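Participant: Fit chain Z to the given chain D structure using the hints.
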Amino acid sequence: MTTLTTPDRIRAQRTPHRPDSTRAARRAFVAPLIVFLALMSAVPTIFSLVTSLTDYKVGADTPVHFVGLANYVRVVTSPEMLATYGRTFLVVVIALPFELIVGYLIAKVFHRVHELRGSSLIRTVYLLPVMLPEIVVGLLFGYIMNTRVGVLGFLLSAAGLPAPDWLGDPRIAIFSIMMIVVWQWTPLATVILYGGLLGIPGEVREAAALDGAGRIRSVFSLEVPMMRKVIGLIALLAGVQLIGTFATVLVTTQGGPGTTTTVLSYEIYRQAFVFFNTGYGSAIAIITLVIVILLSQLLVRFAFKED
Amino acid sequence: MAQKRRIRRIVAAASAAVLMAGLSACSSGGSGTGSDKAPYAQWAPTAKNKAAFESFSEKLKGKYEGKTLNIVGIKDPWYAAALDMIGSFEKLTGAKVTYNGYSYNDGYSKEVLLGQQKSSQADVIMYDMPWIGKFAQTGFVEPLDDRLKKADKDLLMYDDFYKVMRAGAQWKGKTLGVPFAPYFTMNVYNTELLGKAGVKPPKTMSEFESACHAIKEKTGVAGTALNNQSGTPVGQAYFEYIYNMGGKPFASESPDQPGGDYYSDMTPQFSSPQSKATIKMFKDLLDCEPKGALNIDWNSRYSAFATGQAAMIQPWNYDIASLGSSSKSAVAGKYAVQPDPTASGVALNTPVGGWEMGINKYSGKKSLAWDFIQWFSSPAVNAAFMDDGGFAARYSVQDNTTLQKKYPWLKVQAKVVDTAFPAFRPQVPEAFDIMSQLGDQIGAYLAGQKTLDQATSDADSQIGSMLKSAGYTVH
Chain D
1 MTTLTTPDRI RAQRTPHRPD STRAARRAFV APLIVFLALM SAVPTIFSLV
51 TSLTDYKVGA DTPVHFVGLA NYVRVVTSPE MLATYGRTFL VVVIALPFEL
101 IVGYLIAKVF HRVHELRGSS LIRTVYLLPV MLPEIVVGLL FGYIMNTRVG
151 VLGFLLSAAG LPAPDWLGDP RIAIFSIMMI VVWQWTPLAT VILYGGLLGI
201 PGEVREAAAL DGAGRIRSVF SLEVPMMRKV IGLIALLAGV QLIGTFATVL
251 VTTQGGPGTT TTVLSYEIYR QAFVFFNTGY GSAIAIITLV IVILLSQLLV
301 RFAFKED
Chain Z
1001 MAQKRRIRRI VAAASAAVLM AGLSACSSGG SGTGSDKAPY AQWAPTAKNK
1051 AAFESFSEKL KGKYEGKTLN IVGIKDPWYA AALDMIGSFE KLTGAKVTYN
1101 GYSYNDGYSK EVLLGQQKSS QADVIMYDMP WIGKFAQTGF VEPLDDRLKK
1151 ADKDLLMYDD FYKVMRAGAQ WKGKTLGVPF APYFTMNVYN TELLGKAGVK
1201 PPKTMSEFES ACHAIKEKTG VAGTALNNQS GTPVGQAYFE YIYNMGGKPF
1251 ASESPDQPGG DYYSDMTPQF SSPQSKATIK MFKDLLDCEP KGALNIDWNS
1301 RYSAFATGQA AMIQPWNYDI ASLGSSSKSA VAGKYAVQPD PTASGVALNT
1351 PVGGWEMGIN KYSGKKSLAW DFIQWFSSPA VNAAFMDDGG FAARYSVQDN
1401 TTLQKKYPWL KVQAKVVDTA FPAFRPQVPE AFDIMSQLGD QIGAYLAGQK
1451 TLDQATSDAD SQIGSMLKSA GYTVH
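Those sequence lines, one after another, are chains D and Z. For the first sequence, our numbering begins at 1 and goes up steadily by one. For the second sequence, our numbering begins at 1001 and goes up steadily by one.
Just so you know, these hints were derived from the structure itself, not from any lab. Note that this is a predicted model, so its numbers are computed, not measured. Built from N, CA and C at the ideal position, the CB exists for glycine as well. A hint or two may mislead.
Stated by the list, open to error - Rough simulated footprint, nothing fancy, chain Z against chain D, three-plus residues with beta-carbon under 8 angstroms:
hint: 1; region: 54-61
hint: 2; region: 145-152
hint: 3; region: 255-263
hint: 4; region: 270-283
Stated by the list, open to error - On the chain D side, residues computed to face chain Z include the following (Cβ under 7 angstroms):
hint: 5; residue: Pro162
hint: 6; residue: Asp165
hint: 7; residue: Gly168
hint: 8; residue: Ile172
Said to hold, decoys possible - If you want the footprint, here are the derived chain Z segments under chain D, 3+ residues with CB under 8 angstroms:
hint: 9; region: 1143-1156
hint: 10; region: 1192-1203
hint: 11; region: 1289-1296
hint: 12; region: 1417-1424
With the rest of the complex left out, here is chain D:
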């Protein structure tokens, strides 16, 4: 008896001589989606790429010139821009592990009590921050962290602790932004990780326990390897979301004090829609896009590789 491997099986299932009309029909069905994707994604990207090679300024009544890579050179030689990239990188490397670790710990709690009555309601309520628009969360925390009227300062003072100037102290403002972002997005990581934990068969856990694996060992030798793709997915989603942090900064600090909370998306917005430096703003956006694609590819290769 011949044993077929999965690709062979798929190949075998294909109709060897599919009529051309069927193929054409398939293409016709797919075509609108391809056109839609091209219009919504590829066209703006190409437009940005072309714009980034010019000195185009929206609203200026001046001729547009081709400037080659001048905008790109300006981005990579500007100390302010490099600091902005560094700051955004800092947000990702601090907030992402935080979201993963805290999300995992809470997911473990959910997993442990998942059969208890009312646990699904708690999970739903816990997910609420994700459902709020980023701008609403920013406004909310703008008040909570306000040094004069904010509840956070009030609670700390009531407990006899010093209340820091969360959003106005240049040394901690960026960490306050991270706190807000982590508060909003950790529930998403939790829910995905919770799903991953539920996906681990009970027999495997029992086998590990019989083999003498303790709690810590089970986490690192069983759960993390079995949830590698889930963790990779969260890292991908959260990483892209963290690089895109914008509205929180816009409504809480406007990039300040100084430029201590100016992150990439906010700077792109400022260049493109406040200063109308469309060419320069596009160059920053394209460089950011390339970085995101490269990091995503690395992550995909690492997390989704076949064993």
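Facilitator: Positioned in the frame of chain D, the structure of chain Z alone reads:
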């Protein structure tokens, strides 16, 4: 059981109806709700104007039935009063008026983009004085000179508009807008806190600085609150103080410039001793400002004063207007208003800003837009607007004794109006960029990221090179 179910259904239906009503009210896009204060003719300052206004109103009756006028502007504190006036215009003319109000920065971006797209989405464009250069450059807002010439002089009373606002509506000899809500800054102080600290209302900038520290020391309350937030807030604050500190932002941008050619030499002066003194003052004052001072913008400056957490501020008049209301302010009855302090020996130069209305060049309803502008900015409607929480754009409104009784600060405004310099913030197309870039540099200095010398020298070079590449003379 069935009755219970019926009651539940009725309650659910009623709740849904209330919710729908609420939602539709929220999403009405700012269409005027109107008031019954029309026809406002009783506010007309002269008999001639009253007759002209009544005749104009008669002509407008039902004239625009079925037509829609779209206004793009911002949601400043006069928004509610503007909606009341708009409602009356709708009743009078039959037109539907949609007011799309945005925040300051978003309003600017929206209008620049509409102009770029040559859009006819908006008919009336409301713009802040420094934006005029940008709109003139793109041709988005059309000149009104011909319309002004043909308008009924008794109705328009053009010379009754504040001189500084008339000048601010001009760009290269053409009039692009009609003023309706001008802003001036004045010094507002908490009489109780100054009394407790034994401090006199400051007349000079050095007295102001000393008073700020003394109040903080003796009462524990912040002496002042300044717009220190990076970017536009602190960038604008620089322009609000530089002239009264005896300096100027650009070589030729000064009220003394011969021939009023304010932009002939745009060499930045941010490293001048007066500029450095102004910016250093911002930093020195941080010690006597409320906690979180580096994040203070227009709203938090106002709220610090209105809640009694700062003793003196120099806000725009729109903030002063609501201080007297005990429902909005904890300092009602405990504050006084005076002109801004200046450096010793420097003549007062009151910062001015505020809103003008122009017509979108690409609008398909220019007659309706012009009738609306004439009606809204007329002496009678401007007075009614002021009475309802808006602002005086005219001498006749400011001098109205009924209004002065209601808004005592109007008398101080009357004293400072003619000390204002229309180009105190440059009105060039690059104005917004200048204020934002300067604000970034000052913000970096205040946050300790740069020294004063670094920040001012970077501001000089960055803004200088931007202006040079835009074709200005920069040495």
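Participant: Give a verdict on every hint.
Facilitator: Each hint, compared with the structure:
1. 54-61: It holds, with 4 qualifying residues against the three required.
2. 145-152: holds (count 4)
3. 255-263: holds (count 6)
4. 270-283: holds (count 5)
5. Pro162: violated (11 angstroms)
6. Asp165: holds (5 angstroms)
7. Gly168: holds (4 angstroms)
8. Ile172: Cβ of D:Ile172 sits 12 angstroms from chain Z, so the hint is violated.
9. 1143-1156: violated (count 0)
10. 1192-1203: Three-residue rule not met by the region 1192-1203 of chain Z, so violated; n is 0.
11. 1289-1296: holds (count 6)
12. 1417-1424: violated (count 0)
The structure is inconsistent with the numbered hints 5, 8, 9, 10 and 12, although it conforms to all the rest.
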